[in-house]
Amino acid sequence: MTREVQSVILFLVGGALLRISAGDVFMRYVKESMRPWLLISGALLVLAGVFVLIDVVRAARRGDVPDDDPAVVDVDEHAAEGGHDHGHHGPRSAWLLVLPVAAIFLIAPPALGAFTAGREASSVAQPADADVPPLPPGNPVTVMLADYAARAVWDDGRTLKGRTVEMTGFVTPNPKGGWWLTRLQLACCAADAIPTKIHPVGGPESLPANTWVKVVGEWVPGGGTQSDTAIPWVKVDSLAKVEEPRNPYE
Amino acid sequence: MSSTDTSSSTKSGGWRFGPLEALTVGLIALLIGQRWISGLFESPALQAGATIFVSIVVQAMPFLVLGVVLSAAIAAFVPTSFWTRALPKRESLAVPVAGVAGVVLPGCECASVPVAGSLMSRGVAPAAALAFLLSAPAINPVVLVSTWVAFPGNPMMAVARFVASLITSVIMGWLWMRFGRTEWLRIPSRDHLTGRSSWETFRLTATHDFLHAGGFLVIGGLTAAVLNVAVPPSVIDSLAGHALFSVLVLALLAVVLCICSEADAFVAASLSQFSLTARLAFLVVGPMVDIKLVALQAGVFGRRFASRFAPATFVVAVIVSIVVGWWLL
Chain E
120 MTREVQSVIL FLVGGALLRI SAGDVFMRYV KESMRPWLLI SGALLVLAGV FVLIDVVRAA
180 RRGDVPDDDP AVVDVDEHAA EGGHDHGHHG PRSAWLLVLP VAAIFLIAPP ALGAFTAGRE
240 ASSVAQPADA DVPPLPPGNP VTVMLADYAA RAVWDDGRTL KGRTVEMTGF VTPNPKGGWW
300 LTRLQLACCA ADAIPTKIHP VGGPESLPAN TWVKVVGEWV PGGGTQSDTA IPWVKVDSLA
360 KVEEPRNPYE
Chain H
-15 MSSTDTSSST KSGGWRFGPL EALTVGLIAL LIGQRWISGL FESPALQAGA TIFVSIVVQA
45 MPFLVLGVVL SAAIAAFVPT SFWTRALPKR ESLAVPVAGV AGVVLPGCEC ASVPVAGSLM
105 SRGVAPAAAL AFLLSAPAIN PVVLVSTWVA FPGNPMMAVA RFVASLITSV IMGWLWMRFG
165 RTEWLRIPSR DHLTGRSSWE TFRLTATHDF LHAGGFLVIG GLTAAVLNVA VPPSVIDSLA
225 GHALFSVLVL ALLAVVLCIC SEADAFVAAS LSQFSLTARL AFLVVGPMVD IKLVALQAGV
285 FGRRFASRFA PATFVVAVIV SIVVGWWLL
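Chains E and H, in that order, are what the protein sequence lines are.
One rule links them: number in my numbering = place in the first sequence (from 1) + 119.
With the first letter of the second sequence counted as 1, position 78 gets the number 62 in my numbering; the numbers rise by one all the way through.
Bear in mind the hints are in silico, worked out from the structure with no lab data behind them.
Just so you know, not all the hints are guaranteed correct.
Claimed, not checked - Taking lysine to any residue pairs in the SDA-like style, the calculated list, with each CA pair at most 20 Å apart, reads: (1) E:Lys150 / E:Glu369; (2) E:Lys354 / E:Thr330; (3) E:Lys354 / E:Leu326; (4) H:Lys73 / H:Pro63; (5) E:Lys150 / H:Val133; (6) E:Lys333 / E:Ser357; (7) E:Lys360 / E:Asn293; (8) E:Lys354 / E:Leu215; (9) E:Lys150 / H:Trp132; (10) E:Lys150 / E:Ala244; (11) E:Lys354 / E:Val217; (12) E:Lys150 / H:Gly137; (13) E:Lys295 / E:Val320; (14) E:Lys150 / H:Pro63; (15) E:Lys280 / E:Ala265; (16) E:Lys150 / H:Ser256; (17) E:Lys150 / H:Pro136; (18) E:Lys354 / E:Val262; (19) E:Lys150 / H:Val126; (20) E:Lys150 / E:Asp266; (21) E:Lys333 / E:Gln304; (22) E:Lys150 / H:Val129.
Using the sequences provided together with the hints, build the complete structure.
So this is what it looks like as structure tokens:
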């Protein structure tokens, strides 16, 4: 890999990081709190690309062949190729960095949805605090699916009784008929996404997969308790199709 | 890739179709074919795979950048003689000290191989340099913090990783002292990427390490994405069921995946079907033995060294992970 190509790859990778973290696109892939780090690292990579480019231009002015500059002799690259000497270039593995850039700009992969949620069992984490605090005031009150499920499954719906809740999630078709209101949770990035599924009672029979809906309803017992794979129920009072939220995960 | 040779040797004499031109043409072709390419990714499985691939790479990037910046700063601004002075004269004592000293080299394993090589060439005992080589990518603050972040529910994971990696690297240093032969080891004679000034060394090292490690990170992300989508969860679940077998499966997966130590904790966290001990083995083995690292070691220290050192490290790392996992997790 020549110095010119190195600088182009640094520009591409840095530019891709800046591009997705300038808007909301990066939230399809990682948590919102990563934004400043993505911006900083993207900027540093672009800066590194600028420095490499300056080196190239300077070397060209001096009339050197930049790749034979002893300063950039790369010993360990020979190692990576089992000792075959292909000349003094930068690491050949860097070509692979074009792949994520191409994926970001050309495919623009969407947030994970019904495919991922359908493959994996619903997961309801047991609350660390045995004494579950009451929901905030208001009717309807907006709750996260994971919060609703934890209250329904691990606390017998004690804090949900008599409340009207509002939840936003996407549709995952239930292979046995009907559908689940679903939201994926991230620990770090989309590779570790874990679904929370909720069984709607009294809503439409079926909806297309990955449709985002806002459900207003009430807790009803059903779906099992005291199990981290239980799928709790919600009685649907009203349902509206909505746009995908800014952050598609919880 | 002989075209790269011709491009560099003939650059001064007229225009040739070199790597830069290839990259340009390739990018233009990708842009023209965008509709067709994105059409290929209509299936939900491929889309999910692409999302997971991008997310692993994007999540790892800031850690990788931080790692190479810090490691380049140390490579450029801390004189190597510092290490020689800091280490005890007695080799058996120098090994654990060097192992602990791995804390101060925040970089991934790709960075520690050349650093260990230059330590040896500056007169540090090989056993101590090897303990440092193994411990540095696994126990430095960047890696431990990312492990802690990746396992929000299990803060002991970062502790267990530190303990198991340190024990493994010290044992390997002592084993080399006792059984290693000098003729197996080729001590590198010169530092790589030394510029005309500290600043230039810093820039060259950081850029090189990023490009190098970034490429291997892409391989790791691709492999993980393919495994994630192609392998039905039930198959991995069945492998995950056996206590001892699952440890070996993940240890081997770490060797194959070649994920940089700054990013591997996030991949380990996503392998939630496996026991914590199996995932600990993944985190301990990965920074010490993986395909790209063995290749790096073979190049810097010679093949006779790598063919003995890497398998021995694998065995020791797996045993230590099982013991530490049973003790701490």
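Hint by hint, here is what the structure shows:
Between Lys150 (chain E) and Glu369 (chain E) the alpha-carbon distance is near 9 Å, which keeps this suggested pair within the 20 Å criterion. Distance hint between Lys354 (chain E) and Thr330 (chain E) is fulfilled; the C-alpha atoms sit about 19 Å from each other, no more than 20 Å. Restraint check for Lys354 (chain E) and Leu326 (chain E): the C-alpha separation of about 17 Å stays at or below 20 Å, so the hint holds. Annotation: proposed proximity of Lys73 (chain H) to Pro63 (chain H) holds, straight-line Cα distance about 19 Å (limit 20 Å).
At most 20 Å may separate the alpha-carbon atoms for a hinted pair to count; Lys150 (chain E) and Val133 (chain H) meet this at roughly 12 Å. Restraint check for Lys333 (chain E) and Ser357 (chain E): satisfied, since their Cα atoms lie roughly 8 Å apart, inside the 20 Å limit. A threshold of 20 Å between alpha carbons decides the hint, and for Lys360 (chain E) with Asn293 (chain E) the separation of about 19 Å falls inside it, so the pair holds. Annotation: proposed proximity of Lys354 (chain E) to Leu215 (chain E) is violated, straight-line Cα distance about 50 Å (limit 20 Å).
For the hint linking Lys150 (chain E) to Trp132 (chain H), the alpha-carbon distance of about 16 Å falls within 20 Å, and the restraint holds. At roughly 19 Å between alpha-carbon atoms, Lys150 (chain E) and Ala244 (chain E) fall within 20 Å of each other, so this suggested pair holds. Using a Cα cut-off of 20 Å, the hinted pair Lys354 (chain E) and Val217 (chain E) is violated, with the two alpha carbons roughly 48 Å apart. For the hint pairing Lys150 (chain E) with Gly137 (chain H), the CA-to-CA distance comes to about 17 Å; that is within 20 Å, so the pair holds.
This hinted pair checks out: Lys295 (chain E) and Val320 (chain E) have alpha carbons roughly 15 Å apart, not beyond 20 Å. Taken as a hint, the Lys150 (chain E) and Pro63 (chain H) pair is broken in the structure, with Cα atoms around 39 Å apart against an allowance of 20 Å. Proposed proximity of Lys280 (chain E) and Ala265 (chain E) is supported: the alpha carbons are some 17 Å apart, at most 20 Å. For the suggested pair Lys150 (chain E) and Ser256 (chain H), the alpha carbons sit about 19 Å apart, so the restraint of at most 20 Å is met.
Between Lys150 (chain E) and Pro136 (chain H), the direct Cα distance comes to roughly 14 Å. Compliance with the 20 Å bound is thereby established for this hinted pair. As the CA atoms of Lys354 (chain E) and Val262 (chain E) are separated by approximately 15 Å, the hinted pair is consistent with the 20 Å bound. Taking the CA atoms of Lys150 (chain E) and Val126 (chain H), the gap is about 18 Å. The hint holds against a cut of 20 Å. Annotation: proposed proximity of Lys150 (chain E) to Asp266 (chain E) holds, straight-line Cα distance about 18 Å (limit 20 Å).
Restraint check for Lys333 (chain E) and Gln304 (chain E): satisfied, since their Cα atoms lie roughly 17 Å apart, inside the 20 Å limit. Between Lys150 (chain E) and Val129 (chain H) the CA atoms are separated by roughly 16 Å; this keeps the pair inside 20 Å, and the hint holds.
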